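Colleague: Take a look at the letters that make up each chain.
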Amino acid sequence: CPPPGVLSLCHCPPAWGRAARQPPSLPLAPCRAFSNNKVLVELDESSGVATMKFKSPPVNSLSLDFLTEFCISLEKLENNRACRGVIFTSAVPKIFSSGLDITEMCGKSPEHYAEFWRAVQEMWLRVYGSNMVTVAAVNGSSPAGGCLVALSCDYRIMVESPKFSIGLNEAQLGIVAPFWFKDTFVNVVGHRVAEHSLQLGSLHPAPEAHKLGLVDELVPEEKLQEKAAAVMARWLALPDHARQLTKSMMRKAVLDRLVAHREEDIQNFISFVSKESIQKSLRMYMEMLKKKKS
Amino acid sequence: CPPPGVLSLCHCPPAWGRAARQPPSLPLAPCRAFSNNKVLVELDESSGVATMKFKSPPVNSLSLDFLTEFCISLEKLENNRACRGVIFTSAVPKIFSSGLDITEMCGKSPEHYAEFWRAVQEMWLRVYGSNMVTVAAVNGSSPAGGCLVALSCDYRIMVESPKFSIGLNEAQLGIVAPFWFKDTFVNVVGHRVAEHSLQLGSLHPAPEAHKLGLVDELVPEEKLQEKAAAVMARWLALPDHARQLTKSMMRKAVLDRLVAHREEDIQNFISFVSKESIQKSLRMYMEMLKKKKS
Amino acid sequence: CPPPGVLSLCHCPPAWGRAARQPPSLPLAPCRAFSNNKVLVELDESSGVATMKFKSPPVNSLSLDFLTEFCISLEKLENNRACRGVIFTSAVPKIFSSGLDITEMCGKSPEHYAEFWRAVQEMWLRVYGSNMVTVAAVNGSSPAGGCLVALSCDYRIMVESPKFSIGLNEAQLGIVAPFWFKDTFVNVVGHRVAEHSLQLGSLHPAPEAHKLGLVDELVPEEKLQEKAAAVMARWLALPDHARQLTKSMMRKAVLDRLVAHREEDIQNFISFVSKESIQKSLRMYMEMLKKKKS
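Protein chains in written order, with the UniProt record's numbering: chain A, 1 to 294; chain B, 1 to 294; chain C, 1 to 294.
Derived by calculation from the structure, the hints in this document are not laboratory data.
Same chains, same label: a pair holds when it works inside one copy or across any pair of copies.
In silico BS3-like cross-links for lysine-lysine, where the CA-CA straight-line distance does not exceed 25 Å:
no.	residue 1	residue 2
1	LYS94	LYS292
2	LYS292	LYS163
3	LYS182	LYS252
4	LYS211	LYS227
5	LYS53	LYS223
6	LYS211	LYS94
7	LYS53	LYS94
Please read these numbers as outputs of a predicted model, since none were measured by experiment.
Extracted from the complex, chain A is given alone in its bound form:
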């Protein structure tokens, strides 16, 4: 069994996951916060709802560290009987998550690429396949991998501002979204919209995203957390077991497809990202981002 922090968590529940099933030692505390570097988790044991806040400034990019902490935190919640639902949101203003961290894909070893890609897969497998009710409270822009996190939830609420946009914009960077990004997207918006949006690498402003069905609901920013809690309460009114089996029935085919091709998908990523042409365009993109900042 690999040590905690290594990302084959799926098949090996760590000790604290099992420990979490014990009755809480401080039953009077209504909220228990356990902090990490990248992700802040608050569990309200009275409602059974956790909030997971991304706090990795400047843009909550999905680095290997972020993904590791994200998966460990999610696993803790998954194994905690007191937790039935989780709300994902951002603690960084104006951005939900900028998606995969490009620095993890630039000038690194094949082993590093493999480890990174396995962590990306793991994140998706855990969110898309979660037994908990998952709600994305999208309080900022959410391109690429950030959009994937939202797409993998049961329900998406977004701040109504047209300044915030969301989409799988990989094609804009000369990259192709993996097939499981695509499968998840098609399940949400249908084939035609997915085809257009993926080919154009579209980032849809919130009102457009709502029209396309990419997000389920728009709210003013100050109402977001309240709305997310209300949606969660509606979903938690259902008995867990029937809801979980129903969710699994709906998502199993798409989840199984990655599980069956996981190693192949990693090899594809390594050989793609190792290409000099891709390395060059990623370096140029990073340069551009740096200039933009300064």
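Using the hints, position chains B and C against chain A.
Modeller: Leaving out everything else, chains B and C in the frame of chain A:
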């Protein structure tokens, strides 16, 4: 060849089915009614349209008796060359059908559960795979199995009243809709809507059901039969053969999936419904219904 | 390697395809036109956009000659590195294309039916699988095979006039649309709409087609070419390689299905079209068209 009334009708057209292909012995009678206990069928031989009215008060629940009569009646029509289309509607005020009869699932033997579930499968296979044009004229609420009957038709018209609702609400009762309910639903409303609606066990008021595409058209109650006849006439304007092959092409994959897993699906149902926890919650639900009535 | 004009072009790029990759010998000419009998192609090498105009009066029907020229022209563009996108439109007023030429299906030999059907398949494989950006500028009615051409593009713009209609109306003629017509249609409009529309053989007036998602955008006739150019420019702003791989990912399953069953599909067509009942109804349909004209 099993005797009539046993539900392997699909593979064994009964004698009266073949007899019905003979020229009618009373050519002057424009309408021929053959009555049953649970289902009333009227065939207008001039238009080739039958109306099948559910008349099993109080709520047209799909009992084994109801399903048996339903399948026999449908088979008669299917084998009757004078019949090209069938309209399903209710003779009971305010309810189309309340879905599967819970008394068939409570405190019975495994053999009974098997017989009942086979009848439910048979009903769906016959309606979803019918060569006739099938129109649901939904004149009342239509939860669970009642919704399935409507979903399996070619076209759904519903009374516009928001007091009437429709949906696959199994999850509300702690039950999971079978995969073929789900497949039928996804074919009608798409993946995202199906996922939300099934997980929440939603019963959609008619106007909402129309917005989601769950029903194709809303009309005032007094216009329902007229509208159903008009829709039917439009569909019957097409040559039968091409329409039937087209319908089969669209629905074959989903039909074949149940046919391939039929016995497995029956075993699943038996082992699920035999669980003490499920029996308990069904008994509680029945108690609640009884109290509601009195 | 078969001579040009024979329709196994897919697996055998002809000499002029490869030659076209050479630098153009007349670099000053901004537009190069190479004319055929049925199809007029203009390539603007500065933008990389070709326009393919159907000019086979009276109704641009998809005859064997038309399909052969269409495929050869498309292959030339596909192999020409100067060409990145193609706009399909009609040079015949009021009609985009009337679909398959019925005279090819009437009173001919099985060998002819096979050759014709292979050409229809080839056309679809080439358009649906094109590496170029494909835009349909639908400036007239577009039934059956004409609709298929439009459905196979990346984007559909149609003149907003309700006088022009589009749809797979095969069922109206007593014919069944092949499974790959259906697959293409379902990918564009979803399962429920496809099921209704195919069974009814519906021809949707432009505004209705837009509501159903069958066309992406409506414009006044005088704005059509300008709009098509603008849409094309937006799609060509993306790097080709990522866009092409994304498109292939979206369409591969449906393309592969025909490739795997191509000979079987040809045999189906031959045996279907050879039936006396079908021959009779096609002859009657042709008589009706002739009377309409005179």
